[in-house]
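Residue numbers (the numbering used here), protein chains in the order written: chain X, 5 to 372; chain R, 5 to 372; chain W, 5 to 372; chain U, 5 to 372.
Quick caveat, the hints were computed from the structure, so don't treat them as lab data.
Every residue, glycine too, gets a C-beta built ideally from N, C-alpha and C.
Among the clues, some could well be false.
Unchecked claim - One side of the interface only, derived from the structure: several residues of chain W facing chain R at Cβ under 10 Å: (1) 11; (2) 12; (3) 32; (4) 206; (5) 208; (6) 231; (7) 314; (8) 359; (9) 360; (10) 361; (11) 362; (12) 363; (13) 364; (14) 365; (15) 366.
As the list claims (entries may be wrong) - In silico EDC-like links for lysine to aspartate or glutamate, alpha-carbon gap of 16 Å or less: (16) X/316 with R/267; (17) X/322 with R/203; (18) U/322 with W/276; (19) U/169 with U/149; (20) W/316 with U/267; (21) R/209 with X/267; (22) U/313 with W/267; (23) X/264 with R/203; (24) W/169 with W/193; (25) X/169 with X/203; (26) W/264 with U/210; (27) U/264 with W/276; (28) R/313 with X/267; (29) U/46 with U/181; (30) X/322 with R/277; (31) X/185 with X/49; (32) U/169 with U/192; (33) X/197 with X/177; (34) W/264 with U/207; (35) W/209 with U/267; (36) W/264 with U/203; (37) W/313 with U/267.
4 protein chains.
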Amino acid sequence: MKNTFGNTITLTIFGESHGPAIGGVLDGLPPGLKIDEEDIRKMNDRRRPAGKTGTARREADRLEFLSGVKDGYSEGTPLAFIIRNTDVKRHDYDALTGIARPGHADYSAQMKYLGYQDASGGGHFSGRLTAVLTTAGAILMRALEEKGILIGTHISVLGGIEDQKLDTLDPADQLRELRGKQFAVLNEEAGEKMRMLIEQTAEQKDSVGGILETGIAGLPAGIGEPFFDSLESMLAHVLFSIPAVKGVEFGSGFGFAEMKGSEASDPFALRDDRVVTLANHNGGVNGGISNGMPVTLRTAYKPVSSIGKPQKTISFEKMEETEIEIQGRHDPAIVHRACAVQDAVCALVIADMLAVRYGTLWLKGGCE
Amino acid sequence: MKNTFGNTITLTIFGESHGPAIGGVLDGLPPGLKIDEEDIRKMNDRRRPAGKTGTARREADRLEFLSGVKDGYSEGTPLAFIIRNTDVKRHDYDALTGIARPGHADYSAQMKYLGYQDASGGGHFSGRLTAVLTTAGAILMRALEEKGILIGTHISVLGGIEDQKLDTLDPADQLRELRGKQFAVLNEEAGEKMRMLIEQTAEQKDSVGGILETGIAGLPAGIGEPFFDSLESMLAHVLFSIPAVKGVEFGSGFGFAEMKGSEASDPFALRDDRVVTLANHNGGVNGGISNGMPVTLRTAYKPVSSIGKPQKTISFEKMEETEIEIQGRHDPAIVHRACAVQDAVCALVIADMLAVRYGTLWLKGGCE
Amino acid sequence: MKNTFGNTITLTIFGESHGPAIGGVLDGLPPGLKIDEEDIRKMNDRRRPAGKTGTARREADRLEFLSGVKDGYSEGTPLAFIIRNTDVKRHDYDALTGIARPGHADYSAQMKYLGYQDASGGGHFSGRLTAVLTTAGAILMRALEEKGILIGTHISVLGGIEDQKLDTLDPADQLRELRGKQFAVLNEEAGEKMRMLIEQTAEQKDSVGGILETGIAGLPAGIGEPFFDSLESMLAHVLFSIPAVKGVEFGSGFGFAEMKGSEASDPFALRDDRVVTLANHNGGVNGGISNGMPVTLRTAYKPVSSIGKPQKTISFEKMEETEIEIQGRHDPAIVHRACAVQDAVCALVIADMLAVRYGTLWLKGGCE
Amino acid sequence: MKNTFGNTITLTIFGESHGPAIGGVLDGLPPGLKIDEEDIRKMNDRRRPAGKTGTARREADRLEFLSGVKDGYSEGTPLAFIIRNTDVKRHDYDALTGIARPGHADYSAQMKYLGYQDASGGGHFSGRLTAVLTTAGAILMRALEEKGILIGTHISVLGGIEDQKLDTLDPADQLRELRGKQFAVLNEEAGEKMRMLIEQTAEQKDSVGGILETGIAGLPAGIGEPFFDSLESMLAHVLFSIPAVKGVEFGSGFGFAEMKGSEASDPFALRDDRVVTLANHNGGVNGGISNGMPVTLRTAYKPVSSIGKPQKTISFEKMEETEIEIQGRHDPAIVHRACAVQDAVCALVIADMLAVRYGTLWLKGGCE
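Please put together the full structure from these sequences, using the hints given.
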């Protein structure tokens, strides 16, 4: 059972939504990385719900470092941090004990943990755990940016409404623009329509899914391994552990199924002595290895499974069929909040793969 | 960077297409698994090109076991096997030395291996390496079947032509039907159209991509880890290392982006004291853990990058732009051959995850 | 850089002696293991200094579970725990900033962490971190005992004084006797002499080392891997990460250098239909795999490096030679406190290796 | 079951003594390492028996590279190699089928592999497998030497006869002297006595054990991790998987048990602006991390278990007691052959740990 990911830079994650705390241990960092709590706060703000587009529950993301940080810099020792769980309203969940909510992990978890799991609030499966991912990712994103590597994510599609696309040849400006945004879209009109759709969906006691698109610019060529830790494999591995993710594609992805080889070609060319491709259907990855072009990927998020409408289901406790109507506070959409999470996990994977090739110290500044 | 995958049952892969041999080391098998060379041959036949739908090059897949097998059964020690490379026609590749073929890993590999790589025939990136995956997978598929777990793959889409869909609630019969097929489709008419399209594409010196759909029936509930080794993460990790794969989705995958929560629901119910869901949008996985329903996934394959039409590109050796027209024998499509590969890697992942939960000996027959 | 150990059951450790907290994440536990805080307290009491034989500093080992425990049982999710650092007297260390204390990790750490490390109190190298090992180990020892596996450790040698030896053929009674003891010896007279020697050494402002001997009874045969995770390899790996350990041997260990093969023989025999050996020079391990006989090992602990006598050394901060006389509270010996630590790490390794063979659920009670 | 060791540079080992071949996959090498087959042959010659001091069986160590090598340099892809098993005389083992030879892994293996193992010649436990270790090690030793890191091993004790000790402060000259030697001792007289003892022991149909001492000079400070992959932990992990190794100690090791802290001190000093210690009781490692001084370690080898004298034992096949007298060709000592093996595994560990800190490319020449 592996709650640790990575080869040289690793993240171990723990916590239940209604337990004492959630947290992580980030290991393999070089000494001397600036740990900027403002960066982390901003990243977590992009993840945390607020206003009309998210859950009413106010999640207090009060971060505490337990080890590995001294005077605002990483020591190089394992960096452990926790986020205490406060503002927990247990009564919203009592009526659901022993119930398998459709689309949720209640039943799967019951079969895995044999009844010993803390199910309230989703337990270890709660979207809240993503705060651990964004905290770790924020630390690494700053370091990557100082190495010229930019990561950014926008809402490509939400409930059928499409945003402007990323420039797959040169998205750097778009990526910079996105990171300051609470609701990350490139076209504000599209964003406005999306927000209205979210509100309507909330009134219908329903939910809506979407697709996020991430760009990674400035990654050197040569990163990845054909079998098995290809760049796509490593990114997909962590992306699929973000709750609600059900699909990952790179470059033209599933769109390739409709293309001929001649249409899908990325011809190489030279621009100022740099090797580039004139199209980027491959999303910056050939044979599992980066080719120096921007890495582009899209992730499919299913609609939130907790909806206010009545649903047929079972009680696995009593082994009988029943019906539920979920009360309380639930998100009609979480896709917009996941942008920060996606940035974070891509940063974790990229930093780790670069550390393997260039060494633990590289991310800090140089090499020996 | 790791050419070994798995936690308890692991596969290490090595080899270049034009080197002495390709092969693998399958470690962590229980003792006493039947190693049926007929099974392996059939699996590899599904992968190996023949007739009008594939490359003219006859790949001799003569398998040799070097260790770990005695009298037709696994010893439990590391099982190493090789497949010698014969029938290699080097002259087809000489003109391409130092050239970055569009869509191929030539340039990425040059940046990673600094010129020391064996580039001929695709080297370590060649689709030929998938024979190692099918060989390992064949060994595990038999053992899984004896435990009641069936895996099967068909061509969901090829160049726009669609096959009949898998029954996501109960695909067992379809999965059994598929494994005997050289060209794995559920609807023969669709299959005929696909074969004709492949021939036409070959005549146009072009190539075409597609989508494969895999079903896994009989997997117990409770398999997977929320973070980070979820069932989807582990399957996607290995699927993305199959050459040409550019997208992986589970259940409704990217289709979720158009659904409301109420449309995407999988209500639970009881059938003969068994817990089932009445729909299977989630592809048998909730919260990263299997729920007992069939696991369904789809994989996007880009069109083969080697096409006969002229293509603009560069010589990275001379650092100048150039044009190429690839001669020789190349596949217009490889999607149909990848069905066996996909079955194989899913078997590897599933067997490993079951071994972690139930122990090394479980796959053989029982437990202690 | 790996602060995580294990394959199926893993422990991640973090913390600095003078930081906010030390702690660990124990992952891969089966659900339903009893988490007995009394057990853990007793184990930590054996480790914690008290009275005349140890450091004056009162280490408050107030344990807090952050996740993975519900109503006194393991959930099966990652189990995170911390021990807050209180009662820290920083001023004892100020005079040593930038100084390389002989025998300590100050200089090594400076070279590894480039000055970013928290050096006070030994930082991440402090013996205090062993409280994380004993906490994790206590959880597993109870579960192993219920499976009939006993682990126990005594002080074999302290400053030249020898205890009675373990019965290498059947030490079960001795192992049970040892676990209740604060000062773990089999012969009380020898224990008394050892305690007196410790006091004398403290008065001399010096320190003394020793050898611990551990026995593991009831381990099934067949556990271990010839290359590379042999039973000896895995146990030695973790034992060598206990501060002050400089040697590990199994069975007759270094004593073998003086034996002929005929003298070192462990003849097999049958006793009540059980396979046993009539001698146990091999310490219960053949070819890296357990043979069912008790596993016996001895570990060498160097004398504590912090002594009150003046020592020549350098300031790496100023790059000049200097002399120091360490003030404050230091142990004249730590060997007797390490018995619990050694029990704990052996339990961690054994539990993990059994989980790999028999599955995650085995430790809880049965298998499926 | 882990037959793979390492984090960035890994070795996977496979093979049975009487199977088709033994071999390994060395992964994570940088591209462009010189693969000198002469180096490898010399290393294997030091391991292979010849003349009066070893087994009569002529082991043909004909090496074949299957992948990862092109024109005498590593490609950077997984490097697979095999050594075919020839000159196998199976009849020497027939009488031993189902017998548990004292000191051997027959019974342990039976319990682990449930009868499916190939037991002839020791199967996967044979000392012959160490040829895989020396082959991999030879490749890395050359690269390490070019980085200024020297590794050498001599026979410290054989059957009670002692060699001159290594200079623990500056052993570089001694290490260079040792590597050319077939029978690696520093004092030729002692070596002569050892050889005579081996012959006498052979005539007595007995065997004798010993202690090897290894020195590693030129290792930079800062290598290792306090918990759990300390330098001692990693070296010991692989050393203990060498057949017959039953003890590992660093620096003064078990000798510390007789020392006071004041006697065991390694004072720091400055020599030509370099930090050194004036003694080296700690064997170059403080807190699990290298301090720049030579790393010194000693390994205890038990006497070979196959002796010509009659031994009581059991047949586990028939579950009855019996007696055996082992015929055929067996070594009276293997310690002298293990020097090359010990050099090799230390090279593997050191190279891997340096690759983690400085990156995959460092070993080749520089960094980026």
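- Item | Holds or violated: residue 322 of chain X to residue 203 of chain R, with C-alpha atoms at most 16 Å apart | Distance of about 58 Å is beyond 16 Å: violated.
- Item | Satisfaction of hint between residue 207 of chain U and residue 264 of chain W, Cα-Cα up to 16 Å | holds, 13 Å
- Holds or violated: residue 313 of chain W with residue 267 of chain U, Cα cutoff 16 Å? Distance ~11 Å between residue 313 of chain W and residue 267 of chain U Cα, so the pair holds.
- Quickly compare the C-alpha distance for residue 209 of chain W and residue 267 of chain U to 16 Å and report which way the hint goes. holds, 13 Å
- Item | Straight-line alpha-carbon gap residue 264 of chain U to residue 276 of chain W, limit 16 Å | violated, 48 Å
- Message: Under 10 Å is the threshold here; is the Cβ of residue 208 of chain W close enough to any Cβ of chain R for the hint to stand?
- Response: violated, 52 Å
- For the pair supplied as a hint, residue 264 of chain X and residue 203 of chain R, is the alpha-carbon distance within the 16 Å limit? At roughly 13 Å apart (the allowed maximum being 16 Å), residue 203 of chain R and residue 264 of chain X satisfy the hint.
- Message: Check whether the Cα positions of residue 209 of chain R and residue 267 of chain X lie no farther apart than 16 Å.
- Response: holds, 13 Å
- Please work out if residue 316 of chain X and residue 267 of chain R have their alpha carbons no farther apart than 16 Å. With a Cα-Cα distance of about 13 Å, the restraint between residue 316 of chain X and residue 267 of chain R holds, given a limit of 16 Å.
- Item | Pairwise hint evaluation, residue 203 of chain U against residue 264 of chain W, where the allowed Cα distance is 16 Å at most | holds, 13 Å
- Item | Status of the residue 359 of chain W interface restraint (C-beta, 10 Å, chain R) | holds, 8 Å
- Task: Grab the minimum C-beta distance from residue 206 of chain W to chain R and call the hint holds if it beats 10 Å, violated otherwise.
- Result: violated, 48 Å
Consistency with the previously given hints fails for numbers 4, 5, 7, 17, 19, 25, 27 and 33, ordered from lowest to highest.
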